[in-house]
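Q: Chains as they are written, first to last, in my numbering: chain W, 1 to 257; chain E, 1 to 263.
No lab work stands behind these hints, which were simulated from the structure alone.
Treat the hints with care, as some may be off.
[To be verified] As a list, the in silico DSSO-like pairs of lysine-lysine whose alpha-carbon atoms are at most 30 Å apart:
id	chain 1	residue 1	chain 2	residue 2
1	E	K128	W	K154
2	W	K154	E	K118
3	E	K208	W	K154
4	E	K15	W	K154
5	E	K208	E	K239
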Amino acid sequence: MSTAAVTSLARNEQRLHPLPLRIMHWINAIAIFIMIGSGWKIYNDDVILGWLHFPDAIVIGKWAQYGLQWHFFGMWIFVLNGIAYLTYGIVTGRFRQKLFPITFSELLATIDDALHFRLTHDDLTVYNAVQKILYVGVILVGILIVITGLCLWKPIQFSELASLFYNFQTIRVIHFLCMAAIVGFVVVHVSLALLVPQTLVAMVTGGPVVDGITARTAEPVPAPMPSPKPAPAPPPAAAVEPPVADSPPQGPTNEPT
Amino acid sequence: MTVRTRTPSIFRPQKPIDQGMLSANRALVDDINRRNLLRGAISLGALTMLTGCDVSEEPSVQSALRAVSSWNDGVQELLFRKQHLAPTFSPAQVVKPPRFNAYYDIEDVQPIDSATWKLELAGLISDKRPWTAQQIYQFPEQEIIIRHICVEGWDYIGQWSGPSLRAFFERVGADLNAKYVYFICNDDYTESIDMATALHPQTILATKYAGSPITDPFGYPLRLRTATKLGYKNAKWVKAIEVSNDFRETYWSERGFNWFAGI
Numbered sequence: 001m002s003t004a005a006v007t008s009l010a011r012n013e014q015r016l017h018p019l020p021l022r023i024m025h026w027i028n029a030i031a032i033f034i035m036i037g038s039g040w041k042i043y044n045d046d047v048i049l050g051w052l053h054f055p056d057a058i059v060i061g062k063w064a065q066y067g068l069q070w071h072f073f074g075m076w077i078f079v080l081n082g083i084a085y086l087t088y089g090i091v092t093g094r095f096r097q098k099l100f101p102i103t104f105s106e107l108l109a110t111i112d113d114a115l116h117f118r119l120t121h122d123d124l125t126v127y128n129a130v131q132k133i134l135y136v137g138v139i140l141v142g143i144l145i146v147i148t149g150l151c152l153w154k155p156i157q158f159s160e161l162a163s164l165f166y167n168f169q170t171i172r173v174i175h176f177l178c179m180a181a182i183v184g185f186v187v188v189h190v191s192l193a194l195l196v197p198q199t200l201v202a203m204v205t206g207g208p209v210v211d212g213i214t215a216r217t218a219e220p221v222p223a224p225m226p227s228p229k230p231a232p233a234p235p236p237a238a239a240v241e242p243p244v245a246d247s248p249p250q251g252p253t254n255e256p257t
Numbered sequence: 001m002t003v004r005t006r007t008p009s010i011f012r013p014q015k016p017i018d019q020g021m022l023s024a025n026r027a028l029v030d031d032i033n034r035r036n037l038l039r040g041a042i043s044l045g046a047l048t049m050l051t052g053c054d055v056s057e058e059p060s061v062q063s064a065l066r067a068v069s070s071w072n073d074g075v076q077e078l079l080f081r082k083q084h085l086a087p088t089f090s091p092a093q094v095v096k097p098p099r100f101n102a103y104y105d106i107e108d109v110q111p112i113d114s115a116t117w118k119l120e121l122a123g124l125i126s127d128k129r130p131w132t133a134q135q136i137y138q139f140p141e142q143e144i145i146i147r148h149i150c151v152e153g154w155d156y157i158g159q160w161s162g163p164s165l166r167a168f169f170e171r172v173g174a175d176l177n178a179k180y181v182y183f184i185c186n187d188d189y190t191e192s193i194d195m196a197t198a199l200h201p202q203t204i205l206a207t208k209y210a211g212s213p214i215t216d217p218f219g220y221p222l223r224l225r226t227a228t229k230l231g232y233k234n235a236k237w238v239k240a241i242e243v244s245n246d247f248r249e250t251y252w253s254e255r256g257f258n259w260f261a262g263i
């Protein structure tokens with residue numbers, strides 16, 4: 001009986017970051033690296049801000065044409081991977097489960113925790129309100145940078161789309177600001193991943209096992225069906241959850257509502 | 001996919017370049033070469049250490065990137081809407097004079113003498129008689145006020161007029177089913193566009209800007225102006241037009257810029 005329970009658990013084992021998600025995350029990291037480095041090279045040919053010129057050491061491509069070649073190669077990776085990611089997030093319900101809802105009271109609680117140095121990262125499987133806002137925000141910025149990118153590439157073929165923005169230079173500025181927002185996100189995202197290294201490990205190995213039943217505690221557990229199989233044993237929560245730090249339990253404010 | 005073959009240009013000079021000037025100043029040339037070679041070697045070494053190598057120049061990487069660029073040519077051909085018009089603007093929005101751009105400075109522009117200039121026609125065109133500037137200027141004009149977009153990122157609104165390329169092609173009996181149209185320029189510049197773009201209602205052989213003949217830096221007496229390509233596709237100082245089914249690299253595509261360059 002106990003052996004059967006363990007096998008069934010192993011078969012349904014679901015990691016915090018399933019394999020397809022991890023693959024898409026690292027492909028995206030490479031695509032973002034290519035797009036930003038080559039985008040900076042392209043920007044340098046006609047700067048938007050007079051004082052801002054990206055040094056040659058940090059751009060991709062020694063000449064303008066190389067920057068352009070990389071950008072129009074990287075766009076395929078970024079867009080196709082992005083479409084796969086959005087489809088996956090929507091179809092599997094991951095977005096709904098991890099990123100929503102975001103409530104104002106939850107945001108206030110997160111800010112309050114942050115100001116009192118009470119933010120913990122013991123449970124990687126739950127995002128706080130600020131994390132949710134940043135992740136949703138960067139996804140929206142990613143969509144906008146692709147839309148403005150299409151308008152810069154094809155302002156005539158997609159003139160209906162381009163006409164949503166004031167003129168060609170406005171599209172360039174929005175594309176540039178989206179880049180700045182993504183760079184800002186990457187700085188925060190990478191810094192925090194390095195500060196809490198288990199998050200980085202989780203994005204490689206998959207992270208803690210999340211059980212399907214515990215992940216849906218809000219839903220009523222269905223009554224056991226009359227069947228020859230025994231009802232599933234209560235999930236061995238302590239065994240599957242990451243080790244809890246030695247500090248005393250924090251207030252309920254850290255928990256999702 | 002189009003199979004592209006390189007064919008030698010029919011516009012390649014028949015006679016070799018006159019070396020007389022070089023022989024007459026041999027001593028001076030040798031002296032300059034020796035000095036520059038030394039200086040060049042030292043600064044090149046220093047430069048390599050400073051910037052490191054660009055992986056884009058690695059032959060395998062470069063050929064992969066160019067393969068993607070070729071693939072993007074095909075995608076752009078599919079995205080091209082043959083009758084879709086680019087937005088047009090009012091004369092009040094026109095920037096005067098237009099913005100100059102070439103691979104050299106405006107001071108180095110070699111003006112064309114329109115009295116001796118002729119537009120040569122080659123390739124799949126039935127009436128290949130050359131056109132004088134006067135004949136071209138008598139051809140019915142079409143005016144377009146369109147946005148010029150440079151691959152560098154800048155743009156301006158310009159007012160161009162001259163023969164519609166489609167009307168001109170119909171007059172001279174060009175093969176409208178051919179694939180490419182080449183523009184050979186008075187400097188060593190060449191450009192080519194796909195036939196669909198050549199026949200687009202907003203593609204003209206521009207002879208005038210803002211109602212007056214184009215001035216020397218902007219392509220006098222004749223240049224291409226199409227609403228659906230980046231700036232560099234709009235060849236200036238055109239001296240010959242060739243219609244062909246063979247693909248050849250052009251000035252910028254040879255140097256790694258995208259060939260289709262549609263907008």
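Q: Give a verdict on every hint.
A: Hint check results:
Our distance criterion of 30 Å between C-alpha atoms is broken by K128 (chain E) and K154 (chain W), whose separation comes to about 35 Å. Between K154 (chain W) and K118 (chain E), the direct Cα distance comes to roughly 35 Å. Violation of the 30 Å bound is thereby established for this hinted pair. In summary, the hint linking K208 (chain E) to K154 (chain W) is supported, as the alpha carbons are separated by about 27 Å, within the 30 Å threshold. For the proposed pair K15 (chain E) and K154 (chain W), the alpha carbon gap of about 43 Å is over 30 Å, so the pair is violated.
With a C-alpha separation of about 16 Å, the suggested pairing of K208 (chain E) with K239 (chain E) holds against the 30 Å cut-off.
The structure fails to meet hints 1, 2, 4 from the earlier list, while all remaining hints are met.
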